[in-house]
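Engineer: Residue-level listing of the chains:
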Amino acid sequence: MAERASLWQRLRPQRGAMIGLWVLALLVVFVLLGPWLWRIAPTHIDIRARNQGLSWAHPLGTDQLGRDMMARLMAGGRISLAVAMAVMPITLGLGGLVGLLAGYFRRLDGVLMRLTELFLALPLLPLLLLMVTLFREPLARHLGPPGGSFVLIVLAIGLTSWMAVARILRGEVLALKERGFIEAARAIGTRPGAMLWRHVLPNVASPVVVAATLGMATAITTESALSFLGLGFPPDYPTLGRLLHDAMDQMQQYPLRALLPGLMIAVTVLAVNAVGEGLREALDPRSGSR
Amino acid sequence: MLNLALRRLAMAVPTLLCISLVIFLLLEAAPGDPLGEMPLTVPPEVKERMRAALGVGEPWPLRYLLFLKQFFWVEPLHWLDRLLGTDFGAGQQRLISYQSRAPVFDVIAERLPQTLAVVGLSYLLGVLVALPVAILSARHPQGWFDRIAGSLAMLGYSLPTFLTGLVLIWVLAIWLKWLPSVYDTTLRVTDWASLLRQLRQMAMPVAVLTLYNAAQISRYLRAAMLDNLRQDHVRTARAKGLGEGAVLCRHVLRNSLSSMVTVIALGLPTVFGGAIITEQLFKVNGLGQLLILAINAHDLPMVMALTFVFALLIVLCTLLADLLYGMLDPRIRHG
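Chains as they are written, first to last, in full-length UniProt numbering: chain A, 1 to 290; chain B, 1 to 335.
Just so you know, these hints were derived from the structure itself, not from any lab. Take these hints with a grain of salt, some might be off.
Which chain B residues face chain A? A few, computed with CB under 10 Å, are given here [claimed, not checked]:
hint	residue
1	Cys18
2	Ala30
3	Leu179
4	Ser181
5	Leu196
6	Leu199
7	Gly274
Which stretches of chain B does chain A cover? Using the computed rule of at least three CB atoms under 8 Å from a CB of chain A, they are [said to hold, decoys possible]:
hint	stretch
8	163-177
9	286-295
What follows is a set of in silico ranges between Cβ atoms, one per label pair, in the way DEER data are often shown [what the hints assert, rightly or not]:
hint	chain 1	residue 1	chain 2	residue 2	range
10	B	Val42	A	Pro89	15 to 25 Å
11	B	Ile332	A	Pro146	25 to 35 Å
12	A	Pro146	B	Pro31	48 to 58 Å
13	B	Met327	A	Ala187	43 to 53 Å
Every residue gets a Cβ at the ideal spot worked out from N, C-alpha and C, and that includes glycine.
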């Protein structure tokens, strides 16, 4: 508990991070509690009310089929945040495992780091697109269209975004291994498993938290990019990238319809990044002395 | 230098092999037989030859070798034939596109220059923007210029490319009507007027990627310069009475430049990915747009070849960056 209080106290003076946190909190309230108050379904079609501007009935207007933009933005934002939250444990798990093993066991270091470099050199977006096209239909058959897409996109993004965490963690573990308390623990016969779990992991937690936060921003961007290219979730499923994709054709007449989801992606990503940068500053022991 | 080049080349080949294996296994893991299912528009005799060339029905290691043969043996032979007028490659079935029924690599070769132009120009401009920004930022860290540049850089690398592109279209093409929003692919550069039109239509796609590159490079360069500023030789340079500008440019910047090369190499996959999105956004007829078209048409040979070409481009550019790094930094060259 004392740990957490001190983290909060260290984060408080970071103005950017606090603004980011507030914005994120507002976004979460908007996408989670919004649908309770704003009861129009995001897929409800009202063809007589299509292409409307801002009004009391539709505060953010309607799209080309008369669907309410505010309800669609809420639904889209919820999916974007859900994807980011679901990708994070995969990124952390994979990257954490590779980084810990590479840093701690010298014999594995070479192989695992070559693997990481290989993944860093992969053309990620083409591979993601290839994965989505190859596996979309079979997964949709097993898990239903939205569920299958969700699992596929989360897995695909997770499998291609763990490298940063692995590299950071490896460096931290390598530095940690030189410290006295690790040597002392080894001297009293601590087994590697217990050593990693009890002595190494708690001490590398902070850079991992930072990497995880920054990774969430990347996950949101990647999912929106896939949806924007028309290869993310199924067409009738509102995600922020999909809304942007749908609005592109009529950008000339209705720019607001593209700008709103775009703005929402931008605000979310910037807020997450601001929190990540703030955490980095707050957790980095070197930044305190400045 | 030659030694370094050979060493890096020896590392690039296994990387490429691994990447091709990843692509192959991905296709392999997909249910059904994605490459064997050809659309009805492909003539039966071509279909037979394709199936033989890809080894449909054979065990997977053999098919992987046939897959490699397509990229590393059949294609180079065909290009050699075209260059020298020989016929080594006669009778070897090349990968054909299901959409156009033309060999996939012919289509790719047609579209490669556009993508390379956009990516190359954006790197060049990115470096040109990042250099002065980094120098001015490092001169007074935490000063007003550094703060503004830092915030802009954060915007530059956290905003996804499709968003910056969209905002540019909205402001420059729709609102101010200064630039065309759609790329005219039929335009041929024959005189000054058409060159100007070509530059105008390339401005926005290039600007989007330039913003990202400049943001990334300027931040890394600034950090490297701040590291170098603490070094003893900088104190000596100041102590002997050199002006601050000369110290920064001659003693700090030159030592920091090599780190820029690493940033460029690390950013390559993202920039090629960004190129796919910008091409789609501005309808530039490059490799990225071709990839999306091929995916939507289920043209798997094309998708497979394009993914491989993107990997090849990334590996080649990384190799170039490594060699440049060696040229700039003698420690790498001899180490």
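Engineer: Now look at each hint and say whether the structure bears it out.
Structural biologist: Status of the hints after comparison with the structure:
no.: 1; hint: Cys18; in the structure: holds (5 Å)
no.: 2; hint: Ala30; in the structure: holds (4 Å)
no.: 3; hint: Leu179; in the structure: violated (14 Å)
no.: 4; hint: Ser181; in the structure: holds (8 Å)
no.: 5; hint: Leu196; in the structure: violated (24 Å)
no.: 6; hint: Leu199; in the structure: violated (23 Å)
no.: 7; hint: Gly274; in the structure: holds (8 Å)
no.: 8; hint: 163-177; in the structure: holds (count 6)
no.: 9; hint: 286-295; in the structure: holds (count 3)
no.: 10; hint: Val42(B) with Pro89(A): 15 to 25 Å; in the structure: violated (44 Å)
no.: 11; hint: Ile332(B) with Pro146(A): 25 to 35 Å; in the structure: violated (50 Å)
no.: 12; hint: Pro146(A) with Pro31(B): 48 to 58 Å; in the structure: violated (20 Å)
no.: 13; hint: Met327(B) with Ala187(A): 43 to 53 Å; in the structure: holds (48 Å)
This entry does not satisfy hints 3, 5, 6, 10, 11 and 12, going by the numbered hints stated previously.
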